[in-house]
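Engineer: The residues making up each chain are set out below.
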Amino acid sequence: MITIDAKKNLHTATGDLEAHYELSVSNGEFITLFGTSGAGKTTLLRLIAGLEKPDSGIIEVNGDVWFDSARRINLPPQQRSVGFVFQDYALFPSMSVRENLLFAAENEEQRRNVDELIELVELSALSDRHPDTLSGGQKQRVALARALVRRPKILLLDEPLSALDPSMRQKLQDELALIHSKLGVTTLLVSHDITETVKLSDRLASVASGQIEKICSPMEFFSPHALSGKLQLVGEVLKIEKDDPVFIITLLVGSSLVRTVASADEASLLSVGAHAIISTKAFNPILIPVTKRTTSLLI
Amino acid sequence: MESEFLSTMALTFKLAAITTAILLFIAIPLASFLVFSKMRFKSIIETIVSMPLVLPPSVLGFYLLLAFSPASAIGNFLTEHGIHLAFSFEGLVIGSVLFSLPFMVHPIQSALAQVPHSIFEASYTLGKSKFETMVRVILPMIRSGLISGITLAFAHTVGEFGVILMIGGNIPDETRVASIAIYDEVESLNYAMAHQYALTLFVVTFSILLLVYTLNKKSLGGIQ
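Heads up: the protein sequence lines correspond to chains S and Z, in order.
For the first sequence, my numbering gives the first residue as 1, with consecutive numbering after it.
For the second sequence, my numbering gives the first residue as 300, with consecutive numbering after it.
These are computed hints drawn from the structure, not numbers from a lab.
None of the values given here were measured: they were computed from a predicted structure.
From the three backbone atoms N, C-alpha and C, an ideal C-beta is built for every residue, glycine too.
Don't take each hint at face value.
[Claimed, not checked] Computed far set for chain S versus chain Z, every beta-carbon distance over 10 angstroms: (1) Glu22; (2) Ile58; (3) Ile73; (4) Val82; (5) Asp88; (6) Leu91; (7) Glu106; (8) Val149; (9) Met219; (10) Pro245; (11) Ala276.
[What the hints assert, rightly or not] Per the computed footprint, the stretches of chain Z lying under chain S, defined by three or more beta-carbons under 8 angstroms from a beta-carbon of chain S, are: (12) 412-421; (13) 428-438.
[Unchecked claim] Computed cross-link-like contacts, DSBU-like style, restricted to lysine-lysine with a CA-CA straight-line distance of at most 35 angstroms: (14) Lys341(Z) <-> Lys7(S); (15) Lys53(S) <-> Lys337(Z); (16) Lys153(S) <-> Lys429(Z); (17) Lys337(Z) <-> Lys153(S); (18) Lys53(S) <-> Lys516(Z); (19) Lys337(Z) <-> Lys182(S); (20) Lys7(S) <-> Lys337(Z); (21) Lys429(Z) <-> Lys7(S).
Same shape as in the complex, but just chain S (with noise of 0.2 angstroms):
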């Protein structure tokens, strides 16, 4: 059981912003701040691996305090059982693959289990190369090994996955679940991808001017309107036309467009970028079976 009740003063782009964290995470779960950028996403982050302090507050991991401003208590990070994923990796260039997992290790038994984890990640054929010589995913994964083999309490992924093409994004999701499902480490991970979120949390929080203003599950998150619908499809509004007397909706689902009619009020409530829902609710939906055919046609 983790709780965070951390209050801390951040200078953003957009000026002084009053912090104020209130969040308590069981074990095994997994979590996602979720939110735009400037948020303060990743400072909660940092206040709990102790690369920030907070002005105030209390951070308890499993009965250890790691920060309590009351009696002036504030763990470095070194004594913090966090594994960090950065934004940028940041893998030591002048180790291996297997160098960087075991510099990370403390003890004998750490040491051994540092192939296991390299197996894990599919990175065993690479284990001997520098960081150089790796592609954007295969670092992401060096630098999630890296952080597993402390036996963390917490892991904590800042846009691990951001910086990747939605191919190797997503194939990465569908390892950092397996992994999660398998270690059962506590996972605390920054995203604003939607998919993501939905694929991978238990828990979404939304995080917004320095607050966690809701936490529910994902899809409670993303559509929040108790529809009679029995199918509904979440995307990105791409591209709003007026086609009198009717508008025409270009949303991205996934990876695949679809376009859709609104009327004038719907496409009122919409713009380019934002996300929406679309449900059928008046009419039933289509079905029809994926064969050889369709595949192809998909494909």
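Given chain S's structure and the hints, the job is docking chain Z onto it.
Structural biologist: Quick look at chain Z alone, frame taken from chain S:
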């Protein structure tokens, strides 16, 4: 004559080697301070470190001479404890360290400034102390900056003249280094000997620099 030449050259490289070793020891913490400290008086320290780049060596030598003289408070204190720095090898080492300081600090400083902050933080979150992070992660990363600093400081000390003339004089086997010897030989119109010193310095420093730049280019793709 030949043995005097050899002992002068040996003294020259001994001075350069000792100076470089001391500088390396001082420059790493000093450069880290200059890169990472947020203290207000940082620019003053930065200025002092860079002063030898623009100051005539005779100015530094003059003040060091005053400081080393038994008439000054520092000199008096040192003399009482049996330490004589003026016109001694130890005094030369102190003068050289001060005078070559920017040549060691600047390359290390600029290399350190290029290390992303997350590298330090990643090492801290992996449980490693600041010292261990420096030794095992950062120093190997800034290897080319270290090599540049060592080379420049060494070569600069070998070629130093003004400070040494002011505080060291020309005592064989104590303060008579090659650059002083050249001046001395020319003064006594002994051009052949002066040429022997000059050419040796030229060839040796050229070879050191060439070797280091070639090695650095091979392993790191250019000096930082």
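Engineer: Of the hints stated earlier, which fail here?
Structural biologist: Of the numbered hints given earlier, those the structure breaks are 4, 5, 6, 7, 8, 18, 19, listed in rising order.
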